[in-house]
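Number of protein chains: 2
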Amino acid sequence: MDIGGTNMRAALVDCRGTILHSAKTPTGRNEARDDILDRMVDLIDDCKVKSRTGIKAVGIGFPGPLNVREGYIYEPPNIPSLKKTPLKKILERRLNLPVFVENDANAAALAEYRFGAGKDAKSLVCLTLGTGVGGGLILDGKIWHGADDVAGEIGHMKIRRSGRLCGCGARGCLERYASATGVVLSAKTRLRKNAGSLILKLVKGDIGKVTAKIVTSAAKEGDETAIEILAETAGHLAFGVANILNVLNPRMVVICGGLARAGKFLFTPLKTEVKRLALESAFRNVRIVRGKLGDRAGLLGAAAVAFARLD
Amino acid sequence: MDIGGTNMRAALVDCRGTILHSAKTPTGRNEARDDILDRMVDLIDDCKVKSRTGIKAVGIGFPGPLNVREGYIYEPPNIPSLKKTPLKKILERRLNLPVFVENDANAAALAEYRFGAGKDAKSLVCLTLGTGVGGGLILDGKIWHGADDVAGEIGHMKIRRSGRLCGCGARGCLERYASATGVVLSAKTRLRKNAGSLILKLVKGDIGKVTAKIVTSAAKEGDETAIEILAETAGHLAFGVANILNVLNPRMVVICGGLARAGKFLFTPLKTEVKRLALESAFRNVRIVRGKLGDRAGLLGAAAVAFARLD
Numbered sequence: 001m002d003i004g005g006t007n008m009r010a011a012l013v014d015c016r017g018t019i020l021h022s023a024k025t026p027t028g029r030n031e032a033r034d035d036i037l038d039r040m041v042d043l044i045d046d047c048k049v050k051s052r053t054g055i056k057a058v059g060i061g062f063p064g065p066l067n068v069r070e071g072y073i074y075e076p077p078n079i080p081s082l083k084k085t086p087l088k089k090i091l092e093r094r095l096n097l098p099v100f101v102e103n104d105a106n107a108a109a110l111a112e113y114r115f116g117a118g119k120d121a122k123s124l125v126c127l128t129l130g131t132g133v134g135g136g137l138i139l140d141g142k143i144w145h146g147a148d149d150v151a152g153e154i155g156h157m158k159i160r161r162s163g164r165l166c167g168c169g170a171r172g173c174l175e176r177y178a179s180a181t182g183v184v185l186s187a188k189t190r191l192r193k194n195a196g197s198l199i200l201k202l203v204k205g206d207i208g209k210v211t212a213k214i215v216t217s218a219a220k221e222g223d224e225t226a227i228e229i230l231a232e233t234a235g236h237l238a239f240g241v242a243n244i245l246n247v248l249n250p251r252m253v254v255i256c257g258g259l260a261r262a263g264k265f266l267f268t269p270l271k272t273e274v275k276r277l278a279l280e281s282a283f284r285n286v287r288i289v290r291g292k293l294g295d296r297a298g299l300l301g302a303a304a305v306a307f308a309r310l311d
Numbered sequence: 001m002d003i004g005g006t007n008m009r010a011a012l013v014d015c016r017g018t019i020l021h022s023a024k025t026p027t028g029r030n031e032a033r034d035d036i037l038d039r040m041v042d043l044i045d046d047c048k049v050k051s052r053t054g055i056k057a058v059g060i061g062f063p064g065p066l067n068v069r070e071g072y073i074y075e076p077p078n079i080p081s082l083k084k085t086p087l088k089k090i091l092e093r094r095l096n097l098p099v100f101v102e103n104d105a106n107a108a109a110l111a112e113y114r115f116g117a118g119k120d121a122k123s124l125v126c127l128t129l130g131t132g133v134g135g136g137l138i139l140d141g142k143i144w145h146g147a148d149d150v151a152g153e154i155g156h157m158k159i160r161r162s163g164r165l166c167g168c169g170a171r172g173c174l175e176r177y178a179s180a181t182g183v184v185l186s187a188k189t190r191l192r193k194n195a196g197s198l199i200l201k202l203v204k205g206d207i208g209k210v211t212a213k214i215v216t217s218a219a220k221e222g223d224e225t226a227i228e229i230l231a232e233t234a235g236h237l238a239f240g241v242a243n244i245l246n247v248l249n250p251r252m253v254v255i256c257g258g259l260a261r262a263g264k265f266l267f268t269p270l271k272t273e274v275k276r277l278a279l280e281s282a283f284r285n286v287r288i289v290r291g292k293l294g295d296r297a298g299l300l301g302a303a304a305v306a307f308a309r310l311d
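Line order of the protein sequences matches chains A and B.
Heads up, the first sequence is in this note's numbering, so the first residue is 1 and it goes up one at a time.
Heads up, the second sequence is in this note's numbering, so the first residue is 1 and it goes up one at a time.
No wet-lab data here; the hints were simulated from the structure.
Because the structure is a prediction, the values reported are computed rather than measured.
Fair warning: there could be bad hints in the mix.
Intra- or inter-copy, both count: the list cannot distinguish identical chains.
The list that follows gives simulated cross-link-like pairs (lysine-lysine, DSSO-like), each with its CA atoms no further than 27 Å apart [stated by the list, open to error]:
no.: 1; residue 1: K275; residue 2: K83
no.: 2; residue 1: K84; residue 2: K275
no.: 3; residue 1: K220; residue 2: K264
no.: 4; residue 1: K89; residue 2: K56
no.: 5; residue 1: K122; residue 2: K142
no.: 6; residue 1: K271; residue 2: K220
no.: 7; residue 1: K264; residue 2: K292
no.: 8; residue 1: K119; residue 2: K142
Given the sequences, and given the hints that come with them, work out the whole structure.
In structure tokens:
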């Protein structure tokens, strides 16, 4: 299961990462806890029915802070009704199956390691560029959780001393720059000076409607302002990636999420800047690649978590 | 053995981290390779003679890039004659003992984990604040080497977008700010405006003679300028430490090296700033402490490396 603020999705996945069946339902984030849990059980039951050989275990990718071993949810910012929920315990009792809960960004990193771009890398760092920046560390083939299950918060690495204010309360966090939100913020600044940009035509002059997707479309049409916005975003991202290389020296950096669709407009300036900023010895052998799993990373990540814990 | 640019030291160490005998000799960094190797062998032979039960293995802490498994030295910036030296292979043949070579900052981290401040922390990050900033990561009780044995280069984390130029070629590296060198650079700027500082009296007006040790002495005498210089240094260090907490979520951060002697003048502003910058969940349970091993970290680290590989 992949649980998001908007939708919950469930899939029947085999050990090679093939999705045999999938279904989704709205999360109903403000509904009562029991209603949300009932819908989770229904979704899994649906997968059970579709399975010929039966289900071995349930893996869940969850957004927000949790105790991984206990499968206990603390305070999910986007699904307030699941605050302080022993999710693993409740679902194991109701489903009579082993249930494993993991942070969704960690799950996505494990999915890319097990089924995607990182199949031959024993250590990788996965960055999911969406509304925010999610991070997951795979070290020696395993998720690195840290002492309190909060490792991998690369989105909150500070890249500016006094910069854009972040939801975490600090300033200058990577995710205020190298995310879809960051692209929109940078676009707003640049569009004030570049009234001729295709971006403005695409939103019919309404700057409030600019999205990272629109900026990417404009860049692909050759719009200079859009290309500059994405290069600026890549420059910010490079600052974070270079720090990660110098500290962790991973074999691979996998960039996922909506913004990765910007392709060469993101990756070309990213690699140039990382090369300039990182130690030569840490940059020399690293591969900086786009994730291979796209929208499936969440579900395959949840499955990968279950497989890893059953191993 | 702890090999530095100036001296080589060897010690006979038991498994509890007690130094039973030690000796040192100049490295002779510009001498021929064979002469340096001969002196290494002599130092170890000296320890052999002093040992009642015999030596089990030799651990070596070495400054600079190396292949850890092979014990092969690439290009040590401070000891050019040891360039491209298969140190492990050569010494094993000459000593007829197992030899293990490790980066010295990693060895210091392992020493604090095994014998010092981090005895009960399964994950810790150790920062050695000397001329530069050395870093070592202990994850799950083991040194994290990264894919190419260059992990832990926290000194080259970028904390400023365009900042002081570093020896690595980039700008804004942590070690240009949060090291003894950084203190001297900050002091030079501040002393131009604060002619009444005790620091200037201590160097008899010669700014070129300011050292981190002198700044620390002045701070301990209550000199405001010196206290501000150390607080500024702590602020820079906090930026790096907060990023480490958000990314790795270690149980402990151990600060070693000469600059750690500044005590509360460094640690009090450091903790305040880290609290402000790091995620609350990553800061809540971390301990930020001073290393316990002082000058012995190098030798005990080398010994800890040998013990860890024999285990």
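Structure-based check of each hint:
1. With identical chains, the CA atoms of K275 and K83 are at most 27 Å apart between copies only, with a shortest distance of 25 Å across copies and 42 Å within one.
2. For the identical chains of this complex, K84 and K275 are inter-copy neighbours only, at 25 Å across copies versus 44 Å inside a copy, given an alpha-carbon limit of 27 Å.
3. Taking CA atoms no more than 27 Å apart as the test, K220 paired with K264 passes inside one copy only; the shortest distance there is 10 Å, against 55 Å between copies.
4. With identical chains, the CA atoms of K89 and K56 are at most 27 Å apart within one copy only, with a shortest distance of 17 Å there and 49 Å across copies.
5. Taking the shortest Cα distances, K122 and K142 sit within 27 Å of each other both inside one copy (8 Å) and across copies (16 Å).
6. For a Cα distance limit of 27 Å, the shortest separation of K271 from K220 inside one copy, 19 Å, qualifies, whereas the shortest one across copies, 46 Å, does not.
7. In this assembly of identical chains, K264 and K292 lie within 27 Å of each other by CA distance solely inside one copy; the values are 15 Å within and 49 Å between copies.
8. In this assembly of identical chains, K119 and K142 lie within 27 Å of each other by CA distance both inside one copy and across copies; the values are 13 Å within and 24 Å between.
In terms of the numbered hints stated before, the structure departs from none.
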